[in-house]
Amino acid sequence: MTEALAKSSPMQLGKLKTQHIMLLVIAALLPGISVATWFFGWGLIINIGLACCFAISCEALALYVQKKPIKAALNDNSAIVTAFLFAITIPPGSTWWLVLFGIAFAILIAKHAYGGLGQNPFNPAMCGYLFLLLTFPLQMTSWHIPIEQGTLSPIGWEGFKQSILAVFPFLFASAESMVTTIDGMTMATPLIVSKMAGTNALLEANEAGLALFLRSSETGWELMNIAYMLGGLSLLAFGIIRWHIPLSIIVTVAVVSTLFYSPNSSAVFGTPYLHLFGSATMVGAFFIATDPVSAATTTKGRIFYGIIIGLSIYGIRVWGSYLDSIAIAVLFGNFCAPIFDYYCRPRVYGHTKRSLFARVTGSKP
Amino acid sequence: MSTDSAFKLNDIKLRPHRIFGGIKPPAFKSSSMRSRIMPSPIPERLILSLRQHQGSAALPLVNVGDMVLKYQLIAAADQESALNLHAPTSGKIVAIESALIPSQLQQSEMCIHLQPDNKDNAIALNEISDYRAKTNADLVALVKQAGICGLGGAGYPTANKLKASIDIEAELLIINAAECEPYITADEALLREFAKEVVSGAEILQKICLASRCIIAIEKNKKEAVSALAAALNNSSISLVQLPAKYPAGGEKQIVQGVTGLEVPSGGYPPDIGVLVQNVGTAYAVHQAIVEGKPCISRITTLTGAPLQTPKNFSVLIGTPVSFLFEVCGIEEEQLTGAIVGGSIMGVELADLQAPVVKTTNCLIAKSTQEFPEAGKEQACIRCGFCADVCPAKLLPQQLYAYARSCNRDELESHGLFDCIECGACAYVCPSNIPLVQYYRASKQSFAKQLKQEEKSLYWQSRFQTHQYRLKKNQEDKLSQRKTKKNQAEV
Ligand code: SF4
Ligand code: SF4
Chain A
52 MTEALAKSSP MQLGKLKTQH IMLLVIAALL PGISVATWFF GWGLIINIGL ACCFAISCEA
112 LALYVQKKPI KAALNDNSAI VTAFLFAITI PPGSTWWLVL FGIAFAILIA KHAYGGLGQN
172 PFNPAMCGYL FLLLTFPLQM TSWHIPIEQG TLSPIGWEGF KQSILAVFPF LFASAESMVT
232 TIDGMTMATP LIVSKMAGTN ALLEANEAGL ALFLRSSETG WELMNIAYML GGLSLLAFGI
292 IRWHIPLSII VTVAVVSTLF YSPNSSAVFG TPYLHLFGSA TMVGAFFIAT DPVSAATTTK
352 GRIFYGIIIG LSIYGIRVWG SYLDSIAIAV LFGNFCAPIF DYYCRPRVYG HTKRSLFARV
412 TGSKP
Chain B
-5 MSTDSAFKLN DIKLRPHRIF GGIKPPAFKS SSMRSRIMPS PIPERLILSL RQHQGSAALP
55 LVNVGDMVLK YQLIAAADQE SALNLHAPTS GKIVAIESAL IPSQLQQSEM CIHLQPDNKD
115 NAIALNEISD YRAKTNADLV ALVKQAGICG LGGAGYPTAN KLKASIDIEA ELLIINAAEC
175 EPYITADEAL LREFAKEVVS GAEILQKICL ASRCIIAIEK NKKEAVSALA AALNNSSISL
235 VQLPAKYPAG GEKQIVQGVT GLEVPSGGYP PDIGVLVQNV GTAYAVHQAI VEGKPCISRI
295 TTLTGAPLQT PKNFSVLIGT PVSFLFEVCG IEEEQLTGAI VGGSIMGVEL ADLQAPVVKT
355 TNCLIAKSTQ EFPEAGKEQA CIRCGFCADV CPAKLLPQQL YAYARSCNRD ELESHGLFDC
415 IECGACAYVC PSNIPLVQYY RASKQSFAKQ LKQEEKSLYW QSRFQTHQYR LKKNQEDKLS
475 QRKTKKNQAE V
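Taken in sequence, the protein lines are chains A and B. Every number in our numbering is 51 more than the matching position in the first sequence, counting from 1. Counted from 1, the second sequence has number 52 at position 58 by our numbering; the numbering is strictly sequential.
Isolated chain A, as found in the complex (with noise of 0.2 Å):
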């Protein structure tokens, strides 16, 4: 820019800034991740403050080897969130490798290979996710929950340790107590449970009457769930980020839930509250469908983009064989969004209105 025009207008600015908003998103995740922990242990925290710091460096890193300003790019707090949002989706208390590979991937090559920040046409949490989805089946599908005297017990002093020991195996390597104490139990989120048992079993145990603070797994999920979407809603409240993408998410999943789900047949399918509450479908449909630089950006646009990965979700659960299905669905949604963008332009002030086959076809009105 020349001079002359780098003193234009506006002389005022708002006072919203990206690190504000990235700080925001990280705000809105702790009721979520304060559940999560109360429910599934110290694995989660533990995770995200490696993913954390994996991903400054990851940062300075590329930053430095693209003699970019370093300082000034850390400060937009984007690899933060990133972090988190790549914490909280892969399973609690996972190796710290597998952390490691997960966010060089996000951050090295999601991230910076393409151009960095506002370049990327996709999440790179959810690619993080999907290199290590693909790469370590098993590791991605298993949880680790701490027990202790055969009980649950997340989050006190052995949950910890058990924890601790869960990510960095390496640590009492030598201990001959590694190998009774790292017994915690490995189980799979109840929308696993249900594609692989046929059986319902967020129904069963709501049925049971399960007081919510047994802290049943399956209920942690639900809790879970609803923290998330009371830290979205928050988001929203904040307009941070706007109604169409999670509404257009979550209605999707759920009319069509709704309308495969027979409750006489066999219950592979799964309720549709289990797909709403019983799995990802929140922290998905509002943080990382919503992440902005992959996502669609105009109003139109952005409700396409959450019906196709409403629909992706769903069918990838149900007739797919991966199990939990978000990051590839994000991912897919992100590959749509330029066209959608591109057709989904709104009427110009002064312009009559085109209609979208006029638009796709390119003909004149």
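To be clear, the hints were calculated from the coordinates, so they are not data collected in a lab. All C-beta atoms in this analysis are idealised placements derived from N, C-alpha and C, irrespective of residue type, glycine included. Check each hint, because a few of them may be wrong.
What the hints assert, rightly or not - Chain A residues, not near chain B, derived (Cβ > 12 Å throughout): (1) I96; (2) A164; (3) L281; (4) A288; (5) I292; (6) V302; (7) V344.
Said to hold, decoys possible - Below, computed lysine to any residue pairings styled on SDA-like, alpha-carbon distance capped at 20 Å: (8) K66(A) to K371(B); (9) K371(B) to N128(A); (10) K119(A) to A374(B); (11) K404(A) to E38(B); (12) K66(A) to G370(B); (13) K404(A) to A374(B); (14) K371(B) to G167(A); (15) K351(A) to N427(B); (16) K119(A) to N427(B); (17) K66(A) to Q364(B); (18) K66(A) to S408(B); (19) K404(A) to Q364(B); (20) K351(A) to D383(B).
To be verified - Some but not every residue of chain A turned toward chain B, in silico, with C-beta under 8 Å: (21) Q63; (22) L64; (23) L67; (24) L75; (25) A78; (26) P82; (27) S85; (28) T88; (29) P343; (30) T349; (31) K351; (32) P397; (33) R398.
Use these hints to put chain B with the ligands onto chain A, whose structure you have.
What follows is chain B with the ligands alone, placed relative to chain A:
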């Protein structure tokens, strides 16, 4: 104007309609509204630019050393887009030389420098007791004579605008009092104290442009101005439309939409749909010119900003230097970091405080770091879409930005770059501090350049082709001549 839109316009109920987008920045208006409008004292020197607006310059009628009287014509509009210029007070012409004037381009202009004699001797004024007896052509001539231009924005000569709207038979006259930009209170203060005169001016304008309806559009939150107007409109056919307060509700295209719900066609102007928009300040100037016979020698300008001890609205003589006004308000020098001409969003930085007030100067802000901190570093666009949500033209600023960076001319055009009104709402909300308007301006300018070059190359191309054609023709002629000669020889 197509009959189609005329039919629509007459049927439309004038009430607040939704305007696309918009922002609600903090207003900072109360400090300058605390006191009444004050006539500014006469400075030691008035600097009167021959170009008071974005049009062509006027032709000076005086020479250095001449004594002039207040209201005397000192430069005449010899071209359509020029404005008459009158002496704001009596005194001596001490120089005619170039000086910096406040404008978008920060350029220097030829200026008449007037040294006031502080006697304020005036020539006799031609008051008109009943303007209704005059023909419209006469009234337009009077407006032109008074050197009035649009006092709200770019300063298009009012007489030209009126002439154009007579030609197209405007049906609706909107008097724009929606002063939506932060800091500016000139119109609001004017309405609070001179609502009657404004209404009289509006009636004159309505008579001239033959509009069947006239409304004054104002933002709801200007309570005092609204009540003053309501009182002044008691026996008038003019009505009031109160719009919700948001920026840029007062933009020309936006006010048309806000009042009628219709949109000005792309690339067009409000008269294309039978609407004429005039600013309240202009209505007041028209009242002064026609009823009191006074040409436009002063205007209401807001002086505000934290470094000023008593921010207020001045009735300021055209040509008064900005620094003089700052001193009258009492300035805390150590706070002052510069000055902005216009509001805090559309305004431009003033390079030199000696620059004078021109007819389009509606606001002067004394800058301080506390109110106008350095903008943060430009960061990457995160495609949050905040900008698209606030764009009053319903553009996609984030896409325009991407295309501007890649200089993709076709996409820029098809994404409506030329529908951008440069309101700056997008840049205001952008969390990544991207100076979006700058990118658009730069793209528009490079387009214009490219276009010129294309024209030039086309010109040269055609020259070249004619040249080639001529060469070829010459050769052919020669050949045929030779042939005929040969033939003749053979015969
Ligand atoms: S507001 Fe700024 S960061 Fe957000 S999409 Fe627009 S240009 Fe990009
Ligand atoms: S400056 Fe242009 S693109 Fe930005 S909000 Fe205003 S009209 Fe829209």
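Right, here's what the structure says about each hint:
Its beta-carbon lying about 27 Å from the closest one in chain B, I96(A) satisfies the requirement of being farther than 12 Å from that chain. At roughly 15 Å, the least C-beta separation between A164(A) and chain B is larger than 12 Å, which holds for a residue marked as non-interface. No Cβ of chain B comes within 12 Å of the Cβ of L281(A); the nearest lies about 22 Å off, and the non-interface call holds. No beta-carbon of chain B is positioned within 12 Å of the beta-carbon of A288(A); the least distance is around 15 Å.
Residue-level check failed: I292(A) sits 9 Å from the nearest beta carbon of chain B, not beyond 12 Å. Even its closest Cβ contact with chain B, about 20 Å, leaves V302(A) beyond 12 Å, as expected for a residue assigned away from the interface. Non-interface status of V344(A) relative to chain B is broken: a Cβ of that chain comes within 12 Å, the nearest being about 5 Å off. A hinted pair counts as satisfied when its Cα atoms are at most 20 Å apart, and K66(A) with K371(B) qualifies at roughly 14 Å.
Distance hint between K371(B) and N128(A) is fulfilled; the C-alpha atoms sit about 15 Å from each other, no more than 20 Å. A distance of roughly 12 Å separates the Cα atoms of K119(A) and A374(B); the hinted pair therefore holds under the 20 Å criterion. The hinted pair formed by K404(A) and E38(B) fails the criterion: a straight-line CA distance of about 58 Å is larger than 20 Å. Our distance criterion of 20 Å between C-alpha atoms is met by K66(A) and G370(B), whose separation comes to about 11 Å.
For the hint pairing K404(A) with A374(B), the CA-to-CA distance comes to about 32 Å; that exceeds 20 Å, so the pair is violated. Pair hint K371(B) plus G167(A) holds up; C-alpha atoms about 16 Å apart against a cutoff of 20 Å. A hinted pair counts as satisfied when its Cα atoms are at most 20 Å apart, and K351(A) with N427(B) does not qualify at roughly 26 Å. Between K119(A) and N427(B) the alpha-carbon distance is near 18 Å, which keeps this suggested pair within the 20 Å criterion.
With a C-alpha separation of about 14 Å, the suggested pairing of K66(A) with Q364(B) holds against the 20 Å cut-off. Simply put, K66(A) and S408(B) have alpha-carbon atoms about 32 Å apart, too far for the 20 Å limit, and the pair is violated. Between K404(A) and Q364(B) the alpha-carbon distance is near 45 Å, which puts this suggested pair outside the 20 Å criterion. A C-alpha spacing of about 12 Å is found between K351(A) and D383(B), which places the hinted pair at or below 20 Å, so the restraint holds.
Taking 8 Å as the C-beta cut-off, the interface hint given for Q63(A) holds, the closest approach to chain B being about 4 Å. Given the 8 Å rule on beta carbons, the hint for L64(A) holds: about 6 Å separates it from the nearest Cβ of chain B. Because the closest C-beta pair between L67(A) and chain B is about 5 Å apart, less than 8 Å, the hint holds. Interface restraint check for L75(A): the shortest CB-CB distance to chain B comes to about 11 Å, outside 8 Å, so the restraint is violated.
Look at A78(A): its Cβ only gets to about 16 Å from chain B, farther than 8 Å, so that hint breaks. With 8 Å as the threshold, the beta carbon of P82(A) stays out of range of chain B, its nearest partner Cβ sitting at about 23 Å, so the hint is violated. With a cut of 8 Å, the hint placing S85(A) at the interface with chain B is violated, because the nearest CB-to-CB distance is about 27 Å. For the restraint placing T88(A) at the interface with chain B, the shortest Cβ-Cβ distance is roughly 29 Å, beyond the 8 Å limit, so the hint is violated.
The beta carbon of P343(A) comes within 4 Å of a beta carbon in chain B, closer than 8 Å, and the hint placing it at the interface holds. For the restraint placing T349(A) at the interface with chain B, the shortest Cβ-Cβ distance is roughly 6 Å, inside the 8 Å limit, so the hint holds. Look at K351(A): its Cβ only gets to about 11 Å from chain B, farther than 8 Å, so that hint breaks. Contact between P397(A) and chain B, as hinted, is supported at the beta carbon level, the nearest pair being about 5 Å apart and thus within 8 Å.
Evaluation of the R398(A) hint against chain B yields a held restraint, the C-beta minimum of about 7 Å falling below 8 Å.
When held up to the earlier numbered hints, the structure conflicts with 5, 7, 11, 13, 15, 18, 19, 24, 25, 26, 27, 28, 31 and fits the remainder.
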